[in-house]
Amino acid sequence: MGMTFEKIEEGRFRLNVNGYVCPHPQIYTKKSLEKLGSGDILELIFDNPSSGESIEAMIENDGDEVLEKKTESGQFEWHIQKA
Amino acid sequence: MQQQVADVAIDGAGLGVMTPEEAAKRKKRIWALGLLGFFAIISVGSFAFNEYYIYLSVYLWFGMIYGMCLQYGRFCFSSAFRDLFAIKVPRMLVGIVIATLLFGVVSAPITAIGLSTFHAAPVSSHAIIAGVFFGIGMVIAGGCASSSLYKTGEGNMNALIVILSISVTQALFADVGGWANNFVPEAWHMSAAERGLPASINVTDGWVDQYLAGYVWNQPALTYAGVLGMSNTSAAGAFVGNLLVGIVLPASVLLAVVYVIYWRKGYRRKSQKAGKDVSGLKGELVGYWSMIIANKRTAIAGLILGIAAALHMLVIQGLRVKFGFKNAGTLLDRIGWDYGLSVQGTVFDPGYWYVTTQEAQWVGWTLQKMGMNMQDNIYFGFVNGIPNPAINPADWMSFALIGGAAIIALYHNEFKFKKPTWETAMWSVIGGALMGIGARLGLGCNVGAFFVRVANGDCSGWLFGLGMAGGAYMGVKFFNWWTERKLAKEAASCGL
Chain A
64 MGMTFEKIEE GRFRLNVNGY VCPHPQIYTK KSLEKLGSGD ILELIFDNPS SGESIEAMIE
124 NDGDEVLEKK TESGQFEWHI QKA
Chain B
8 MQQQVADVAI DGAGLGVMTP EEAAKRKKRI WALGLLGFFA IISVGSFAFN EYYIYLSVYL
68 WFGMIYGMCL QYGRFCFSSA FRDLFAIKVP RMLVGIVIAT LLFGVVSAPI TAIGLSTFHA
128 APVSSHAIIA GVFFGIGMVI AGGCASSSLY KTGEGNMNAL IVILSISVTQ ALFADVGGWA
188 NNFVPEAWHM SAAERGLPAS INVTDGWVDQ YLAGYVWNQP ALTYAGVLGM SNTSAAGAFV
248 GNLLVGIVLP ASVLLAVVYV IYWRKGYRRK SQKAGKDVSG LKGELVGYWS MIIANKRTAI
308 AGLILGIAAA LHMLVIQGLR VKFGFKNAGT LLDRIGWDYG LSVQGTVFDP GYWYVTTQEA
368 QWVGWTLQKM GMNMQDNIYF GFVNGIPNPA INPADWMSFA LIGGAAIIAL YHNEFKFKKP
428 TWETAMWSVI GGALMGIGAR LGLGCNVGAF FVRVANGDCS GWLFGLGMAG GAYMGVKFFN
488 WWTERKLAKE AASCGL
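Heads up: the protein sequence lines correspond to chains A and B, in order. Quick note on my numbering: the first sequence kicks off at 64 and runs consecutively. Quick note on my numbering: the second sequence kicks off at 8 and runs consecutively.
Okay, chain B solo, but in the shape it has when bound:
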């Protein structure tokens, strides 16, 4: 009896009795509200200090929406490919394709009226190779760049290790020179030297510098509208070129292939068992639709993510017009934060959802503070800068993404601190490092180099995705071998 009394807690209002489980849930919900209040205070307080901070707050609140959607829908690009190949489950790939389609639908009018912040990336085989590195890495790490952020918000410390590994690897890879220069083809070296970049960048010392200035920048930046001879900022270019040809047609083909290979058989078996008619075209269409709505949480999250990602671009561009600048470097300079700006006075300010560069930046900033010269390279010194993470707009987005995920996880009682084991920590470090290298080779991750690019009609987006799928397949093959090896030993002791 005494134990029973001890196992209950009186709620704060004194209106009833809660079990310890209920009390824990309530406590977590209070934490969720507290976190929401914390971000609100940051927004209001910084705005009261200087109105320019509203620009950073826009990144913050869109980051929060991304985090909430990712956690609610368990949205993971790694899972999309990995679960398809490993356990033949297409639900996440379907969710991601839906999100990309919706992002494209909302982006098209924004592009057509010339208010998009998106710029196409150079197109060549480097996008595929980068995708392969990234794809292997995300399977080994157990999550992509964006899902590692939301899983950190769930209390998963493996995901935090992945973020640390991506961050450190990118910063070091972007700056590595010396011995690494031996692996630079002569043509890249010559081309980079002829670029006329500022002396402070020292472009001929650094593998990534010469890769960028000597190879990547020589490749054409193409959208589907451009390839079809249309202007990117015209209704025809945005809707027919980028949306229809660049997104709707390939996405429809992809979903149809996934339906035939991974969904149709199971659907028909279940339906026939339940006595439903699955014959003819109607049966196929009903089956196709059942695949689309198979996981409502993922579909809802995809819907909101797609719309939010496009609106994010519109709001950022609106503020740039209002305040009269093209890059947040100008804004930070006006506020008085000029440390870490690039030689052009710029900082990383994508104007849309992005994940990896801000992760590299905080490591770059830290290493610079520790005495290393992290600005003698193109990545930090010429383009993105290494501003203080406390006022880095993209860092506000990532920080809030983790916070948004934590709020939803706490609210649904899914928050749990998960300590890594030596084995899982090892996979996190290795996978994170591979994703870091892939992100710098591809100039973005699963979000910046795939999701955003595909949705905006950039020809390099599907190439990165193709590489990512290939890499994920290799990663799955590796894990199949690894798990079979371990399970076989255990099963043998059970006589199986």
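Extracted from the complex, chain A is given alone in its bound form:
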């Protein structure tokens, strides 16, 4: 399955990069957040653990906020609010 980016509702988007390894998840996340407006939420779905470390550091550096983190069977779902 390839990467998907979709609008769920107003101000809420979902990026699914399951199956991708570094550096795809972090680059897609960065670019997706760049396209969002302030306060918008990105639901990020990925399954590459080492990308998570990089994404977390990027979010912290950029001042964005992780609202929620879920992990199930090696799959991660993070809800990120853009600053």
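Fair warning: there could be bad hints in the mix.
30 Å max Cα-Cα, derived DSS-like pairs, lysine-lysine [stated by the list, open to error]:
(1) B:Lys277 - A:Lys94
(2) B:Lys496 - A:Lys98
(3) B:Lys283 - B:Lys303
(4) B:Lys333 - A:Lys133
(5) B:Lys277 - A:Lys133
(6) A:Lys133 - B:Lys32
Where chain A lies over chain B, by a calculated footprint (3+ residues, C-beta under 8 Å) [what the hints assert, rightly or not]:
(7) 86-94
(8) 102-114
(9) 144-151
(10) 473-487
The hints are simulated quantities; they were obtained by calculation from the structure and are not laboratory data. Please read these numbers as outputs of a predicted model, since none were measured by experiment. All C-beta atoms, glycine included, are put in the ideal place defined by N, C-alpha and C.
Go by the hints and put chain B onto chain A.
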């Protein structure tokens, strides 16, 4: 209700009830213990068969430590440069610099007393060019040579494809002659022919052969101690030349630059938001330190890796002295495994952490068994040999590295078989091939040509690193274009 009952499992001791998730975690921990036991049995069993196998077991257990540290700290040289350029995150570069510094600190006394197994590599622009190939490759592949090993231990099959691609590319590249000889400069050809190498090597047929014997071997092998006129095996040479000038000063400058460009702004914004005082030199120093300890897992892994890598050299040298040999080829011959030794009776036996040559060797061994002559080249035939992978010391290290990573991944419930997609498999093959070519041009990968060399005061280490950073930058530029292209289509359908 029935479903709820079905969704629980009684644990083996019958002491309580576990959810399926807990049961799966427990099963993975049992697998981790089983793997550890498997490697212990290999060590004990082989030692019982012949005491010389302890030499291979030393490689094995240090390999396991490397694998555990890499997985625990998510340690990836590719990530170090790529995340810096792609998403402006310096945490991995900081971790790698810390590991290199510590490796250098522990290596210095070992070098000073003459017990280091390290030998400096030839220094010239070839190290930069090799680094560029390697840097592009590691970004495209999604991991460097060492991280591909630990990610394989996490169940990532993309990483396994990367390893296969590096292995095959190196073996074929090291042996390619015929049409490739047309791209050999005349001066290299003449110089290689005058080397007086054994006829079986056929040195004038093979691009890499003539590159090595006609160019690389003509370049000086320098350490910072040597450049400053000090003996490498003196306290002044090891501590002032190699450690202070070769590692501490450039690493400090690098970290300071990274702090100013990539860390300071974000740190100050967060601190000011939290009401902290960030003014003056104290504020800068606190900010600098916050960058160093930003990721504890990476820092801890870097600390252990650095110390282990240096101790590895000491233990190997101790065993060489104890058993009275300089290369494991002698040991294998004594045990009775003489197939695949080089024309000098040697095999690849670096005496420290190394990744890529043993990967090329198993492919070389396989192709030789299939009827190809893989020993008519310098790489296999004159220096490293192609021993059976089952008794290749460096292969024991890589195998255990994957195992060590798997143990930690299983223990932390992070092990997951990840199937490649056609797209990710394509990147793995292309990136692995570029890393394979870069590794043979640079006589090593991110570990052998960068990490180990920098930590031991070899002047070629930072050159390879410079090339690797340049290559990573190009790789990131390419992926920025590729991902933007794909994301733009998806975003357009969302009205963005």
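Do the hints match the structure? See the list:
For a cut-off of 30 Å, the pair hint linking lysine 277 of chain B to lysine 94 of chain A stands: about 22 Å separates their Cα positions. Our distance criterion of 30 Å between C-alpha atoms is met by lysine 496 of chain B and lysine 98 of chain A, whose separation comes to about 12 Å. A threshold of 30 Å between alpha carbons decides the hint, and for lysine 283 of chain B with lysine 303 of chain B the separation of about 22 Å falls inside it, so the pair holds. Distance restraint check for lysine 333 of chain B and lysine 133 of chain A: the Cα-Cα separation of roughly 53 Å exceeds the 30 Å cut-off, and the hinted pair is therefore not satisfied.
The straight-line distance between the Cα atoms of lysine 277 of chain B and lysine 133 of chain A is roughly 25 Å, inside the 30 Å bound, and the hint therefore holds. At roughly 17 Å between alpha-carbon atoms, lysine 133 of chain A and lysine 32 of chain B fall within 30 Å of each other, so this suggested pair holds. Residues of the region 86-94 of chain B with a Cβ under 8 Å from some Cβ of chain A number 5, which satisfies the need for three, so the listed coverage holds. Counting residues of the region 102-114 of chain B whose C-beta lies closer than 8 Å to any C-beta of chain A gives 0; at least three are required, and the coverage claim is violated.
With a cut-off of 8 Å between beta carbons, the region 144-151 of chain B has 3 residues touching chain A; three or more are needed, and the interface restraint holds. Here's how the region 473-487 of chain B fares: 3 of its residues keep a CB closer than 8 Å to some CB of chain A, so the rule of at least three is met and the hint holds.
Hint check: violations occur at hints 4, 8; the rest are consistent with the structure.
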